[in-house]
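*Asks:* Sequence:
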Amino acid sequence: MKKMLKRMAAIAAAAVMTAAVAVPAWAADGYTITIQNETANHTYEAYQVFKGDLSESTLSNVQWGDGVKGADLLAALKADDATKASFASVTDAAGAAKILDGKDNDADLVKAFAQDVNKNLSTVAGTSTYNTTAKNYTISGLAAGYYLVKDKNGTQSGNDDYTRVMLEVVNNVQVNPKNSKDVPTVDKKIVENGEDKAANDYNVGDTVSFKLTGTLPSNYADYKTYQYKFNDTLSDGLTYDADSVKVTVGDTDVTTSFTTTADEQKLTVACADLKKVTGVDKDSQIVVTYTAKLNNKAVLGTAVGNKNEVTVTYSNNPNNDGSGDTGTTPPKDVTVYTYELKVTKVDGADNKTPLAGAGFKLYKNVADGDKTGANYAVITDGKVSGWTTDISKATELDTTADGVIAFTGLDTGDYFLKETKTPAGYNTTADVAVKIGTTEQNMVATTGIESMNVANNKGTVLPATGGMGTRIFTIVGICLMAGAAVLLITKRRMNSETK
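Under the working numbering, the sequence shown has 252 at position 224, and the numbering climbs by one with no breaks.
Hint data in this document are derived by calculation from the structure and do not stem from the laboratory. What you were told as hints is all true, and nothing was included just to trick you.
The calculated label-pair distances, taken between Cβ atoms and stated as ranges, are:
#: 1; residue 1: Thr284; residue 2: Ala135; range: 26 to 36 Å
#: 2; residue 1: Thr287; residue 2: Asp224; range: 21 to 31 Å
#: 3; residue 1: Thr157; residue 2: Ser246; range: 26 to 36 Å
#: 4; residue 1: Thr280; residue 2: Thr67; range: 33 to 43 Å
#: 5; residue 1: Gly385; residue 2: Asp442; range: 20 to 30 Å
#: 6; residue 1: Asp94; residue 2: Thr306; range: 36 to 46 Å
#: 7; residue 1: Asp459; residue 2: Asp309; range: 57 to 67 Å
#: 8; residue 1: Lys463; residue 2: Lys163; range: 52 to 62 Å
#: 9; residue 1: Asp418; residue 2: Asp442; range: 16 to 26 Å
#: 10; residue 1: Thr119; residue 2: Thr67; range: 39 to 49 Å
#: 11; residue 1: Asp418; residue 2: Lys310; range: 53 to 63 Å
#: 12; residue 1: Asp224; residue 2: Gly307; range: 16 to 26 Å
#: 13; residue 1: Asn181; residue 2: Ser117; range: 26 to 36 Å
Okay, derived cross-link-like pairs now, SDA-like style, lysine to any residue, Cα gap no bigger than 25 Å in a straight line:
#: 14; residue 1: Lys360; residue 2: Glu220
#: 15; residue 1: Lys463; residue 2: Val219
#: 16; residue 1: Lys325; residue 2: Ala434
#: 17; residue 1: Lys303; residue 2: Asn247
#: 18; residue 1: Lys147; residue 2: Gly123
#: 19; residue 1: Lys217; residue 2: Gly441
#: 20; residue 1: Lys486; residue 2: Thr456
#: 21; residue 1: Lys225; residue 2: Lys294
#: 22; residue 1: Lys325; residue 2: Asp426
#: 23; residue 1: Lys257; residue 2: Lys303
#: 24; residue 1: Lys239; residue 2: Asn324
#: 25; residue 1: Lys252; residue 2: Ile127
#: 26; residue 1: Lys304; residue 2: Thr341
#: 27; residue 1: Lys370; residue 2: Ile419
#: 28; residue 1: Lys257; residue 2: Ala298
#: 29; residue 1: Lys239; residue 2: Asp361
#: 30; residue 1: Lys239; residue 2: Gly329
#: 31; residue 1: Lys449; residue 2: Thr416
#: 32; residue 1: Lys131; residue 2: Ala104
#: 33; residue 1: Lys180; residue 2: Leu170
#: 34; residue 1: Lys257; residue 2: Thr341
#: 35; residue 1: Lys126; residue 2: Ser88
#: 36; residue 1: Lys380; residue 2: Asp426
#: 37; residue 1: Lys126; residue 2: Asn89
#: 38; residue 1: Lys217; residue 2: Ser285
#: 39; residue 1: Lys380; residue 2: Glu368
#: 40; residue 1: Lys449; residue 2: Asp426
Don't be surprised by glycine CBs; every beta carbon is placed ideally from N, CA and C.
Turn these sequences into a full structure, and let the hints guide you.
*Replies:* Here you go:
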């Protein structure tokens, strides 16, 4: 009895660089499969799954093709949970072809059949050649039959996906291309007060909140298993809090489905098989949140800043079980900035002569001049490491011969300098207001250093003991003593005469 396989069209690749396949009429040198794809980084192979007699789009007298191990493929179809019910009674190639006859290109059964074929391939019928002018691939010299077309193993890397295997009857067939690169993407943001930012400013010692957001490809359903891993790298100026990592899909916490590994400046958050996580589909977003502390290795200014980046490694071959081939997204980064306040203590007489021996403490968070609850800077290894409301525990920085001190590792904002030690002979300066992040105090954004002078004036000169003052007081004293002596002698004489 004549067996027929009618119009088994391509399963078009729904992944990156989805291909269109067209097959022209028979020629003396065989058929040619043309794959429309503008990206010249694929190597396609064609494997004959079924062979037989071709009439227009109908294949009859079907047998196993030269590109598959027929007996092994049939055994796999009977063992695969996705196909065994349909192929349980099939005994030969013609029976297998009849099961597929008339099925939709994207039917789950056809997809599962293609994956089992891909695992039981033998001889390659032809390999593609790329035409740079037409921007397409051709596989020529093919005999009539039903073919599986796929990317050659090991040819896709970086941000590329393997094209999903295509099944095609070699005849006049045209499949419209999707011509879109559909792979996962990733984004990274700094979160402050509920707002996502690409960059932000902080004090050394501050906690910084980060958010990573990953997407999935539209052909996610084609994978049996799916690896998904965030690769996050922080600059030396930030320290991970590995215990802060949280992973969500929508409103669902799925942290326990991921494994978190922190190694110095690298953090990985990985799921070996995302398909096992309930509720995940092609439209899901995988969100990772965590915190890190800005440490005293932070780089000052905006020229470089403290840059941090993330990539996602993901399964990129729907033709396999998802455990081997992977791609990686382009990196996405954010930057944390911090600054320095450089203070030079000078003599107010000329506003340039440096003064040694002045001590300062820095404080912030003061409203309307009320210093209650002010936060005073604590300095460790030359950089701000924390804040205290107890001024006695705050760090005092003392000027040396050059008159310079520096408070390093500051966020933008309003601060105050308090002079806690005054050079001998000078008046104590009133608290000085400083605004970090503006040009008011000569801010240089690229270096992150804000410079300012604080002048001290000498105290009021009062008459000193000695000199003319001493002589005046001595003369006045002698006169007073002489007057007292005359008064005493006169009084004694009067008393004698009375007696």
